[in-house]
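Q: Listed below are the residues making up each chain.
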Amino acid sequence: MTGKSSITLLAILVTGLLGGPVALAGEAVEGTAKADKLQNCVEPTPVMRRRHFEFIEHQRDLTVHQGIRGSKYSLAGCVDCHARRDGEGKPVPVNAEGQFCDQCHDYAAVEIDCFMCHSTVPGGK
Amino acid sequence: MSSANDSGRRDFLKKAALAGTTVTVAPGVLLHTLEAAPRTEPVTDKVRWGMLIDTSKCVDGCKDCVEACDKENGLDLVNKPEGAPDDLWERQRPRWIRQVKLKDNLTGRVTTLPMMCQHCEYPPCVDVCPTGASFKRADGIVMVDRHICIGCRYCMMACPYKARSFIHADVAAKLTHTPRGKGCVESCNFCVHRLDNGQTTTACQDACKHQAIVFGDLKDPNSPVSKALKQYPSVAVRDDLKLNPGVRYTNI
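Sequence lines, in order, name chains A and B.
Just so you know, we're using the working numbering here: the first sequence kicks off at 44 and counts up by one.
Just so you know, we're using the working numbering here: the second sequence kicks off at 256 and counts up by one.
For the record, the hints were derived by calculation from the structure and aren't laboratory data.
It cannot be assumed that every hint is accurate.
Stated by the list, open to error - BS3-like cross-link-like pairs, simulated, lysine-lysine; straight-line CA separation at most 27 Å:
#1 K133(A) / K326(B)
#2 K326(B) / K312(B)
#3 K437(B) / K133(A)
#4 K437(B) / K417(B)
#5 K115(A) / K301(B)
#6 K133(A) / K335(B)
#7 K115(A) / K391(B)
Kindly produce the complete structure, drawing on both the sequences and the hints.
A: Next up, the structure:
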């Protein structure tokens, strides 16, 4: 092997290592959300796509006014399941660019108000 | 009952508690553990949460309850807005428990006490709220539904206890169980997320090493708070307003 070709090989290896599956801190790794390993959400996917906002809007009143926290639908549940992790294992906000909530809401140009107050990463009770 | 029986019973309870279950000790008496299940049924008026604070046990300079409350409810995550003067921030920062110092000018006797939302039976904040955001839950907890709050702050003016805080700026970090955003009013909610998840204590009560705070169900005659209220003379602050607060004080 000539000196030139070995340098090229090394260069390919290095770029492969940096640009490949190695994710930097703050960058979400695909397949690290709990939801990535599941077939569908609490309802079949087409139902969730159409009606997820209705589910959590009704649930919020039940939680705030009646104290029901063990319901099937919950925003905390969405975040817990759909937040991906970065290269260091830290959760990435679900509304960060390109992440679960942002993907569709950005495309549909629908602003999400939930996260003005609610946490965007799992944790707490 | 023999002591052997006693220790057997204690061991059983310990094991049951470790297993993370709810144990029936006697008919109608349940031992809830930290892992108790979240509530699935609506709260009812069969329970009224309340508190008794013994001001003679409350020590001047101790901040344990305030710090525990800040940590539990994410108030320590709210940062001072850039460029805000310190004195303004101290006056306006969100605080669910205020430390109040009273001095009797005749005798010079000083009393310190924690003052939070008194969870009135007839809450003036609820009376004045134009949107219905301020409300009283069936179990007596007075809260703000931030989905409906428009941040007008009438409730802050109406509250005789100065118990409510307003969030003036965007909040970067928040806890899952305590959502918080710019433009809403908030106040003590008796650690409602704990109660709804089956716990029966508040963060301030757990933090108070002087045992000045007793918390529990006012409608249950066997609860520690009901027993303490029966045993010791207590007062409601601003009793003249006839609000029947759920928080009462002794030795003021």
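Q: Report the numbers of all earlier hints that the structure fails to satisfy, in ascending order.
A: none
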